[in-house]
Structures are given as structure tokens and as C-alpha cells.
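Per our numbering, numbering of the sequence shown is gapless, rising by one per residue and ending at 1027.
Accuracy of the hints is not assured; some may be wrong.
Here are the computed distance ranges between Cβ atoms for each label pair [unchecked claim]:
| # | residue 1 | residue 2 | range |
| --- | --- | --- | --- |
| 1 | Arg921 | Leu809 | 46 to 56 angstroms |
| 2 | Asn1023 | Leu848 | 51 to 61 angstroms |
| 3 | Leu1001 | Leu790 | 26 to 36 angstroms |
| 4 | Ile870 | Gln820 | 42 to 52 angstroms |
| 5 | Lys1019 | Gly816 | 20 to 30 angstroms |
| 6 | Pro705 | Gln754 | 34 to 44 angstroms |
| 7 | Leu831 | Gln940 | 51 to 61 angstroms |
| 8 | Ser1015 | Val838 | 15 to 25 angstroms |
Hints were generated in silico from the structure; no laboratory data involved. If you're wondering where the values come from, they're calculated on a predicted model, not measured in any experiment. For each residue, glycine too, the CB sits at the ideal point set by N, CA and C.
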Amino acid sequence: MPVAIRRTALVLLAAAVLFLSLLSWQPNRILPGVGQYAYQLLPAYLLAALAVIWLLSWRWQTAFIALLFAFPLLVYVASLQAPDNNRIGIGGAVWLLFALSMIFALQLPRAKLLVALLLFAWVGLLWGQPMLSLHLEFVQQQGAFWQELLMHLQLVVLSLAITIVISALLVLFTLNRWLNERLVFAILSFLQTIPSIALFGLLMVPLSLLSKAAPWLGVSGIGATPAVIALVAYSLLPMVRNALVGLRSVELAVLNAAQGMGMTPGQIFWQVRMPLAMPVIIEGVRITTVQAIGLVVVAALVGAGGMGRFVFQGLGQSAMELVLIGALPTVVMAILADVFFSWLAKKVRNDRAL
């Protein structure tokens, strides 16, 4: 691990302990909490021991890993000092420590397994303290949470499926056709310049008129219809671009060899170019999926549901825990999608190399 990164981590850790609250005591959901700092909640000898372990971890990875797993436990111990009937808010120091844990865990051997274990440790912290404000909000919103999570996933999957079909048609339309490619990318690039909120709003009027003119179509100006259309519009550019890059990255010698073996143009495309381009195409699917997961949050503004419902409801009520109930699962879904498609692209690339 580079020395500069270690020094930066020490500075951030010291800042978290000295200047950022670890937790906060809130008498209720509305009143602001009273910040509690690490040096107030944890004994001085324990903080000193943590600093020593951190310094030793520069040379011994075992001590460093122990320190990573100690953070959620220390926060849990600190939470036990909360006054009775007070909600426990999460301070900025906890989020900084969490970010540091994830970043440094990725630098160590078996990073994916370590990050997964750390996530379980932090989730155990959240659910191990019943008076934690975030936990209380989740319990109150539990029924709606699973419903909106399912809706979020449905919007992502539906928009991704439509994007893949349209992208395939656009790739066939533009491949080896320079003028068609310029036209398609001009349109797709223009769509990317439209702010997401504006695009959701612009779609409401024509879709409302269409629903009145043809009610049998089942579309409406609000809800899932404008959300899916907007998501597809934003997803086409990275998908089409990656597919074309992947198909054109196949070496000419390989294509000539396939042609020399007597393969037809269709066989060359499906049996040679597509398999070799698949890792790059999967990268386009990864980018599109992660982007769609985040954009679905904004779709809640047009009544499409999803985790954005909690985000905007929390902003309207100045309830940050409610915002986090919508934001944190969205981040987790995006990370899981990124990890899965990165693994899939790597696996396909390795299989092709064999």
C-alpha cells in the first residue's frame, strides 16, 4: 500500500476522531440530534490502542484487517451509551470510517471476500442496535420498502431488456455504414445532453395525449411509461458505442481466416465477431445497468416508484434517515451490478483466451 495513501488515511482518521461526530442522540425524529464525538464515547486508552494498531498495520496486514473489523464493533459499543428512549443518529465519522474500510479492503488480498464480510459487519451494526434511527425508519417503512425495491428492480430490468433489443438493431443499422453511424450517434448524443428531470417532464405531455387518443395502449403520462422511455433513451449511447467498439476490435486477420475457411458473412458475424466482441459488449451492459439503477431514483418524481420515493420523501421532511433508506440500497445494487458484470466480462475474456 503506497505511503501517500497511508498518510492520507491517518489524516482522515484523525479528522474523524477529532472533528466529526461519531453518533448523535436525538429525542425524536424531528429535533436535531446532539453530536457525540469518539473521544467522548470511547476511553482514551482504547483510542490510543487503535492508533498503535493502525501504525503497526503498515507492516502487518493481519493487524490492519483486525482494525477494519474493529470499527463497526467500536461504533456499536459507543451506541450503548445513548440515553434511554433516544434515537441514535449516525455521524459523519462513521460514514468516513466506513468509506475508508471499503477503500482499503479493496487493496488487500481476497478483496471481494473481505469487502463482503465488512458489509455484513456494518449491516450487523445497523441492525444490532434497535434504537438506531436508520433501523427505526426501516422498521416503519418495511412494507413499502420491499414493494419499492421490487419496483426499482423491475424498472431497471425492463429498461435494460428494451435497450439491448434496440441497441442490437441500431448496431446492425450502423455497422459498416458511416453515414448511418453519424446520424445515430448525433441523436443519441443529443439525448444525453437533456437533463434527466427535464426529460421525464417532457415525456409527460405527449404520453398523456397518447393515453387519451389510444387508451387501449395502456400508457400514461406518469408512472412507469415515461420512466422506462427516459431510461432507455439514456442507456442507448453507452450500449451502442461499446457494441460497435467491440465488433470493430476483432482483428482483420481473424476475419480473413474465417472467410478463408469458407464461412459465410452471417457465420463470421455470429460465430467469430460476436464471441470475440462479447467482453466489450458486456462492459457496455455494465455501464448501462449501473447508470439505470441510479436514474430510477429520479423517476420517482413522475410517480414511477422505486427507491427514489424514500429519497424525495425524506428530503421533503428533512429526515436524512429516510433519504438513506432509499439511497443506500441503490448504492448497494449499483455496486453488485458492477461487480457481477465485471466478473462476467472477465470470465468471458478468459474463456475466449483458452
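(request) Hint by hint, work out which the structure violates, then give me just those numbers in ascending order. (result) Hint check: 2, 3, 4, 5, 6, 7 fail, others pass.
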